[in-house]
Amino acid sequence: MDERDDFSACAALVERGDPGRFRATMAAPLAARRVLFPLYAFNLEVARAPWVTQEPMIARMRLQWWRDALAEIEAGGFVRRHEVVTPLATVISDKDARQLDVLVEAREWDVEPSVFPDDSALWAYLDATAGGLIAVAARALGGGEALAERAGRALGLANWFQALPALEAAGRRPLSDTGDDAIRTLATHALDDLKSMRRDWSQVPKQARAAFYPMAGAGKVLRQAARDPQKVRDGALGGGELGSRLPLTLTAMTGRLW
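According to the numbering used here, the sequence shown is numbered sequentially starting from 38.
Rather than coming from a laboratory, the hints here were simulated on the basis of the structure.
Among these hints, one or two may not hold up.
Computed list of lysine-lysine pairs in DSBU-like fashion (alpha-carbon distance at most 30 angstroms, straight line) [claimed, not checked]:
hint, residue 1, residue 2
1, Lys243, Lys257
2, Lys243, Lys232
3, Lys132, Lys232
4, Lys257, Lys268
5, Lys232, Lys257
6, Lys243, Lys132
7, Lys268, Lys232
Computed spacing ranges between beta-carbons, pair by pair [to be verified]:
hint, residue 1, residue 2, range
8, Gly208, Asp42, 16 to 24 angstroms
9, Glu109, Trp88, 23 to 31 angstroms
10, Leu67, Pro202, 36 to 44 angstroms
11, Leu204, Pro242, 30 to 38 angstroms
12, Pro202, Asp105, 32 to 40 angstroms
13, Pro202, Gly54, 33 to 41 angstroms
All values reported here derive from a predicted model rather than from experimental measurement.
Cβ atoms here follow ideal geometry from the backbone N, Cα and C, with glycine treated the same way.
Construct the complete structure from the given sequences, taking the supplied hints into account.
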C-alpha cells in the first residue's frame, strides 16, 4: 500500500466506525483531513480494542500493541508497517505520541466492568481520551491545544451520556450515580467548560479549528441532559440526523462553535 492507500483505508475505517468524526473531517479542508483521518482511525481502533474480546488479557495485549507502536513513533526510528500506524507516524510528533499513550492507558478502564469512584475519576478519563485526542489534533494542525481539556470535557461527556444505556447493557457502570442531581451537576460543569472555551475561541488559529469540529452539537446534548436527566437514562438525547448535522454545517460555514 502507498500513502494514498493508507489515507483511504483510514478514511474508510472512520466512515464505518465513527460517522460523527467522519462528517466533521469531511467538513475540514483537505490538508486537515490528511492529519485527522489517521488520528481518528487510531482513536477508533484503540477504543474498539477492549470490546472485541471477552478476555481481559487479550484486550490488554491489544492495547499494549498500540502503546508499542506509539513508542516506535516517539523514538523516531523504525515504525511497524500498518495501515493506521504508518500514516499516523507522518502527522504526529514525539510529544503527540506520548499524549496518545496516555489515551491508550486510560482505555484500560474499558477492559473490565468497574465504576469510577467519583466525578474526578470520570473527568480524568475524559481528559485523557476526548481531551487528549483534541489536543493532539489541534497541535498537529497548528495550535489551540490550550482549549483542548475544556473541549474534551464537553464533547467527552456528551458522548458518554449518549453511550450510557449501551455501556450499562454491556455490564459497565459508566456513572457512579445516575440520579437526576448527579447528571445535572456533570452536565452543568461541562457546559461551563464549553462556555469558557467559546470565550477563548479566538485563540485557536483558523487552520486548527477543524480539530474542534466534532464538538458541534455537544452543547445541545448537554443542555438536554441538564434539563431532563431521564433522557440520559433512556438513551433519548440528540436531535435526529438533521439535528446532528446542522451544528456542524454552521460551524464549518461560520467558524463559530454551535
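Each hint tested on the structure:
1. Lys243 / Lys257: holds (24 angstroms)
2. Lys243 / Lys232: Since the Cα atoms of Lys243 and Lys232 sit roughly 19 angstroms apart, the hinted pair holds (cutoff 30 angstroms).
3. Lys132 / Lys232: The given pair, whose Cα atoms are some 28 angstroms apart, holds under the 30 angstroms limit.
4. Lys257 / Lys268: Within the cut-off at roughly 13 angstroms; holds.
5. Lys232 / Lys257: This hinted pair holds, its Cα atoms lying about 12 angstroms apart.
6. Lys243 / Lys132: Holds, because 22 angstroms separates the two Cα atoms, which is no more than 30 angstroms.
7. Lys268 / Lys232: The given pair, whose Cα atoms are some 22 angstroms apart, holds under the 30 angstroms limit.
8. Gly208 / Asp42: 16 to 24 angstroms: The hint (16 to 24 angstroms, Cβ to Cβ) is violated, given that Gly208 and Asp42 are roughly 38 angstroms apart.
9. Glu109 / Trp88: 23 to 31 angstroms: holds (25 angstroms)
10. Leu67 / Pro202: 36 to 44 angstroms: Since Leu67 and Pro202 have Cβ atoms about 37 angstroms apart, the given range 36 to 44 angstroms holds.
11. Leu204 / Pro242: 30 to 38 angstroms: holds (35 angstroms)
12. Pro202 / Asp105: 32 to 40 angstroms: Roughly 34 angstroms apart at Cβ, these two residues keep to the hinted range, so it holds.
13. Pro202 / Gly54: 33 to 41 angstroms: This hint is violated: roughly 19 angstroms between Cβ atoms.
Of the hints listed earlier, those the structure fails to meet are numbers 8 and 13, in rising order.
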